[in-house]
Amino acid sequence: MNREYKSVRSEYGKTLVELGKVNKDIVVLDADLSSSTQTKLFAKEFPERFFNVGISEQDLITTAAGLSCTGKIPFVSTFAMFASGRAWEQVRNTICYSNLNVKIAATHGGITVGEDGASHQALEDISLMRSIPNMTVIVPADAEETRQAIKFAAEFNGPVYIRISRSNLPDIFDSNYKFDYKKANIIKEGKDITLITNGETLVETIDCAKILSEKGIDAEIINVPVVKPLDNETIINSAKKTNRVITIENHSIIGGLGSAICELLSEKYPTKVTRIGTNDEFGQSGTAKELMAFYGLNAEKLAQKITGLIK
Amino acid sequence: MIDQISELEIKDIEEVSKKLRKNILMMIHNAQSGHPGGSLSCIDILNVLFTKCMKHYPECELNPEYKNRDRFILSKGHASAALYSIMAHCGYFKEEELLTFRKFGSKLQGHPCCKVLKGIEISTGSLGQGLSIGCGMALGLKLDKIDSKVYVYMGDGEIEEGSVWEAVMNAAHNNLDNIIAFVDRNKLQIDGSTEKVKSVGNVKAKFEAFGWDTIEIDGHNILEIYNAIIKAKNSSKPCAIIANTIKGKGVSFMENNAGWHGKAPNDEELQKALDELN
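Keeping their order, the protein sequence lines are chains Z and R. When you line the first sequence up against the numbering used here, it's residues 24 to 334, in that order. When you line the second sequence up against the numbering used here, it's residues 1062 to 1339, in that order.
In case anyone wonders, no lab produced these hints; they're calculated from the structure. Keep in mind that this is a model prediction, so the values were computed, not measured. Take these hints with a grain of salt, some might be off.
Said to hold, decoys possible - SDA-like mimics (lysine to any residue), calculated; alpha carbons at most 25 Å apart, straight line: (1) Z:Lys47 / R:Asp1131; (2) R:Lys1203 / Z:Asp254; (3) R:Lys1298 / Z:Glu71.
Taking the hints into account, I'd like the entire structure generated from these sequences.
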């Protein structure tokens, strides 16, 4: 398939610049990764509102907390590993406990970090962020959804964690798409099984559904950009329709989207759910493409597994 | 704001300190939980700061000047009894409420919570985060060209947290001359002497090496406290006031005793303590 791939990170940086032009309260903080996270675009345009705290992720989060106390709207960026891991307790006890208006836009989430290997592949960030009260968690799937999620975060009052992928991603949505943080969206209707996903695995799931369709399996695809709060209604309705749910995510199967769906369905509409993601294991070096294949997250591997599951 | 303090005022402040100490002890006794040692070591400084030096408004948002207030962060949030006692004295809430300290449904949570008590700038309790929060506030105030100070109160054991030193570098790098940090050098932490547990060493030299101004004082001498704050306010760098204090100060059997870090006095101990303070 010929698709145009776009840098989601530079979309993030450009959106920050757009926001910075209309809202002087937007400030941006980074921890020595402003090229990787693309916050450098904002730094160039608004140097007085950009703060590079150096390689100090704990300081990054709590400095943002202090800025928000003076009415600023801080966007904070570093790798997902450090934002959600190194500084977890700062996020919990300072940002979320005080319900501060801080936006954590973490790049390099998931296995697709690639060559850097396991130390930099955050496979637990959604789990870590989702478990904190007051936190909203968003995993956009392409440049357009990223742009809209960032704009939403700037207007929303409260802490938000947004996972931005390292990989360039193909366009799925166009400007007609309306991101609604209360809504999951049905990408394709189907009657046999429900595939629930978000982020980088959405495009793989779309392609997987095409392969499944050739095999006579009619899959419904639900994109869940907002993992918390979850759109219960859309998910339960789909489960009622197909009675078989498969979750797909670029994250550990422990605590992420798959777990969130299981928590919901087990209480509200018990349905058989299979979680696909990385298992209880660390990643390794390789290209994003190789790793997606190895961990069973590309369209072909997904189709193989799902065909086996529903036989 | 006055720049000098008279003998008479010092006497008054000392009298207030006595009352605050008694309140701290009664709160902790009533809750049968809390941290007397570190509350008694910091109360003289909080007293001088809140009654003589800091620009603050107990009526909070109702005062149009509220946005221009100085900020105070109790980074060693376990000294909450001290903070609540000075806040009640200043009129943030009624003194009767002090006896709800640490009780179910109280605004006076075990560690300060900004969501339930007006006047608390930000919730604290987990050590090592206050100075960095203060850096953020100081940056925000500078962006808005608001000429206010950010006061951060830390414990000496607390500076064993690495995140404190990330913030120390942050303040120096950004020339945050609107930050004043206190280090409550009572030389004790839960497991004993700071020098035994993890040598804190020469705190003054450490801050200076990181590019800060420092002032070392007796943290129970009202005049020294007052003069240090006035001097720190005029510093052209972030300034650390290293306050040599006595953990449990004012109650003979609590003084310099790590055992009173997080222990409530019983009825008899309370009476003995109150008698000493009378």
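Against the structure, the hints come out as follows:
At most 25 Å may separate the alpha-carbon atoms for a hinted pair to count; Lys47 of chain Z and Asp1131 of chain R meet this at roughly 23 Å. At most 25 Å may separate the alpha-carbon atoms for a hinted pair to count; Lys1203 of chain R and Asp254 of chain Z exceed this at roughly 41 Å. For the suggested pair Lys1298 of chain R and Glu71 of chain Z, the alpha carbons sit about 19 Å apart, so the restraint of at most 25 Å is met.
Checked against the numbered hints given earlier, this structure breaks only hint 2.
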